[in-house]
Amino acid sequence: MKVKTEYLKLSTEGHADIFDITERIEKALKNGKFSNGIVNVSVIGSTGAITTCEFEPGLVQDIKEIFDRLIPAGNYHHDQAWGDGNGHSHLRSSLVGPSLTIPFANNKLILGTWQQVIFIDFDNRPRQREIVLQFLGE
Amino acid sequence: MKVKTEYLKLSTEGHADIFDITERIEKALKNGKFSNGIVNVSVIGSTGAITTCEFEPGLVQDIKEIFDRLIPAGNYHHDQAWGDGNGHSHLRSSLVGPSLTIPFANNKLILGTWQQVIFIDFDNRPRQREIVLQFLGE
Amino acid sequence: MKVKTEYLKLSTEGHADIFDITERIEKALKNGKFSNGIVNVSVIGSTGAITTCEFEPGLVQDIKEIFDRLIPAGNYHHDQAWGDGNGHSHLRSSLVGPSLTIPFANNKLILGTWQQVIFIDFDNRPRQREIVLQFLGE
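Chains as they are written, first to last, in numbering that gives the first Met the number 0: chain A, 0 to 137; chain B, 0 to 137; chain C, 0 to 137.
Hints are supplied without guarantee of correctness; some may be wrong.
As the list claims (entries may be wrong) - BS3-like cross-link-like pairs, simulated, lysine-lysine; straight-line CA separation at most 25 Å:
1. B/Lys63 / C/Lys63
2. C/Lys3 / B/Lys107
3. A/Lys1 / C/Lys32
Simulated from the structure, these hints should not be mistaken for lab results.
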């Protein structure tokens, strides 16, 4: 059993900018020479989120719109105190969660054919992001 | 420390069909002869979700109804592109998340008395499902 | 590679009482003499949740209010059956999730500067809570 830490860097536009990061995780997994285990995928920061979806343009648009409906941008207490207008970004991140753990076997992520790992940047401005890949396995 | 991969198979009706999978995870844990560690429980596919709840009929019905209210079935961009009418299923899955990690000690899951691990099939048709149990521990 | 289990105890007021537990996790991590790995943070019980946020008073208030809007207290099937009036507490917990896994390296959690690990007690009464910290790493 061993641990390996990798970092992905991403330039985002914010406003629920959505990235398929599956291939980059697969590549890091292959480089790490693991057979079986888990990878914890975590975004550093409190306005992003990690989950899975079928990564196709219609659904990517649906994700943006459902969050505009459930937790719209607006005048939150956070915005009044800090003036950065991204209260909704924080709330969406806390709800979806900043981290996802995925199993792998035979050096491949165990995912469905139409199931991709996505990073959503909910912030309200472009960001340089770091995503941590923590591999544990053998 | 070791890793062990098990698979659960489930036949579901879809439409937020909810299953208590706690006992099946406990059984796999006992067979795996682990003492202390974690189990990552992940559904393969992008229209299911894993979380916990008190598994009783009232709350099971409440879960179905809260998702019908928060993310109703309807005409999403995904549906227009693919015609399978399950855009809401995907959005619910991305929101709740496809995976949950649970600690165990002394060969038992650490959960509350009224806390069961559930799989929710949000798809809009019956499905044959596979859930991955990835055990890491000693 | 080793596993270590720690427990945090908390007295809460319920009603979306929110606690920053980052320092207590950092302290347990230091005591455990780990270098690199993950910690799974899980609440025992089905009316609490673990996630991250920027822990400042405005956002703490925003979190309370967004859940009052998305999943208000009310008359759920669970309440009719059990009479304890906390159906909304269960639903919120299932949605956010009872568990979060966080990576660490060089004996420090990998989090953003304004990203704290929080426990939210969604129950509708004061509770004595136990949160499990399951460390895996080397």
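Okay, the hints, checked on the actual structure:
1. B/Lys63 / C/Lys63: Judged against 25 Å, a Cα distance of about 23 Å means the pair holds.
2. C/Lys3 / B/Lys107: holds, 15 Å
3. A/Lys1 / C/Lys32: holds, 16 Å
When the structure is compared with the earlier hints, no violation turns up for any of them.
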